[in-house]
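Asks: Each chain is listed here by its residues.
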Amino acid sequence: SQKIEQNSEALNIQEGKTATLTCNYTNYSPAYLQWYRQDPGRGPVFLLLIRENEKEKRKERLKVTFDTTLKQSLFHITASQPADSATYLCAPGGYQKVTFGTGTKLQVIP
Amino acid sequence: SAVISQKPSRDICQRGTSLTIQCQVDSQVTMMFWYRQQPGQSLTLIATANQGSEATYESGFVIDKFPISRPNLTFSTLTVSNMSPEDSSIYLCSVETNTGGGYTFGSGTRLTVV
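If you read the protein sequences in the order shown, they are chains A and B. Residues 1 to 110, numbered by my numbering, are exactly what the first sequence covers, in order. Residues 1001 to 1114, numbered by my numbering, are exactly what the second sequence covers, in order.
Just chain B, same shape as in the assembly (with noise of 0.2 Å):
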């Protein structure tokens, strides 16, 4: 299945100020996806990223808020702007596997907004 590398790992912010998450995959996928998972929660889909169009956002995620980026095939980022602490949470992205079903995630980004 396809290796995700995540970057960076965690960090922590000033209120107002943008983070640029970057998810790497080692093979060429359709979709991307990212997510956000706050503490004691569940994962929630936060837009799916094609490349060459638009991403698709899920209800209660804007564009304004979380731009993404999909250059090409094997590449994405997520950035989280004028964050506040509400915005702290881990972020994570994924792709389909190619066999057997089920989704590869990114090892996450722990943000803490202060």
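Bound conformation, chain A alone (with noise of 0.2 Å):
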């Protein structure tokens, strides 16, 4: 069956560094993967679509990258700052459906 796996334990990092998230997945094919930001309370945000033909994205201070061949993304968060703390959810899709990941909490320390 599909899983997906994401940094179960909370990332600690310094305001100001490079925060790197992972996301593996397998028995999956996904045409695309999305990265969302949930904190306590919310819903998720959308945040980046990379899709299977696109190697790195970027938007603003944020990089997807997606490796089909490693079944793997990593979202890289630059210059990071306490307002980034947060859940990030990694999200493989194809037509018309999405799975989730259980989500790594990062926090950045001031």
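Calculated from the structure, these hints are not laboratory results. One or more of the hints may lead you astray.
Away from chain A, derived, C-beta distances all over 10 Å, residues of chain B [said to hold, decoys possible]: (1) 1008; (2) 1014; (3) 1054; (4) 1110; (5) 1112; (6) 1114.
Taking lysine-lysine and the DSBU-like style, the derived pairs with C-alpha atoms no more than 35 Å apart in a straight line are [unchecked claim]: (7) A/105 to B/1065; (8) B/1007 to A/59; (9) A/105 to B/1007; (10) A/97 to B/1065; (11) A/55 to A/17; (12) A/17 to A/3; (13) A/3 to B/1007; (14) A/3 to B/1065; (15) A/17 to A/57.
Every residue, glycine too, gets a C-beta built ideally from N, C-alpha and C.
Put the complex together from the two separate chains, hints included.
Replies: Have a look at this one:
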């Protein structure tokens, strides 16, 4: 069955550093992969989508890579800020269906 | 992107009762999606609601337990029926965004069954 793995442990980094979050998937060939941010008590907020034929995508301080051979996506936040502290979910998807990972909690320490 | 108004934001319900959750979207959308997020877990899709047809349920979810209505292109309800403590969870509705991919989510309904 499809499986999505994200760092289960929280990631603590110092303000100003680059945070890197990992998403691995198995038994799956998604056409695209999405990343979301979720704050406590709120619904997820869409950040970026990268398609299977794209290697990298950027949006402001965010960068996502997608390696279909490794079945892995990396999500980078450069110059991290305490306001970036949240849980980040990866969500591989295909035709009209998206499956969410359990998320990685990021804590940016001032 | 679309704005979703979901209510109630939270509720505490007695075992055996039912709760209906409402989602209102500020634009017309073809499909609306209902998710459940149990504590510490990922989002699990319950069903997809299309206007004018019955909802499509995912494996493990049935219409008798989670009836869904979709009377028009901007509104949907999810009812959690005959609740038990195992139904305590956050329930979210979502729609596809029009541009850039991704989904827009409501703020969620935190349900506690006692």
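Asks: Hint by hint, note whether the structure agrees.
Replies: Hint-by-hint comparison with the structure:
{"no.": "1", "hint": "1008", "verdict": "13 Å, holds"}
{"no.": "2", "hint": "1014", "verdict": "23 Å, holds"}
{"no.": "3", "hint": "1054", "verdict": "16 Å, holds"}
{"no.": "4", "hint": "1110", "verdict": "7 Å, violated"}
{"no.": "5", "hint": "1112", "verdict": "13 Å, holds"}
{"no.": "6", "hint": "1114", "verdict": "20 Å, holds"}
{"no.": "7", "hint": "A/105 to B/1065", "verdict": "32 Å, holds"}
{"no.": "8", "hint": "B/1007 to A/59", "verdict": "32 Å, holds"}
{"no.": "9", "hint": "A/105 to B/1007", "verdict": "26 Å, holds"}
{"no.": "10", "hint": "A/97 to B/1065", "verdict": "22 Å, holds"}
{"no.": "11", "hint": "A/55 to A/17", "verdict": "23 Å, holds"}
{"no.": "12", "hint": "A/17 to A/3", "verdict": "30 Å, holds"}
{"no.": "13", "hint": "A/3 to B/1007", "verdict": "32 Å, holds"}
{"no.": "14", "hint": "A/3 to B/1065", "verdict": "26 Å, holds"}
{"no.": "15", "hint": "A/17 to A/57", "verdict": "19 Å, holds"}
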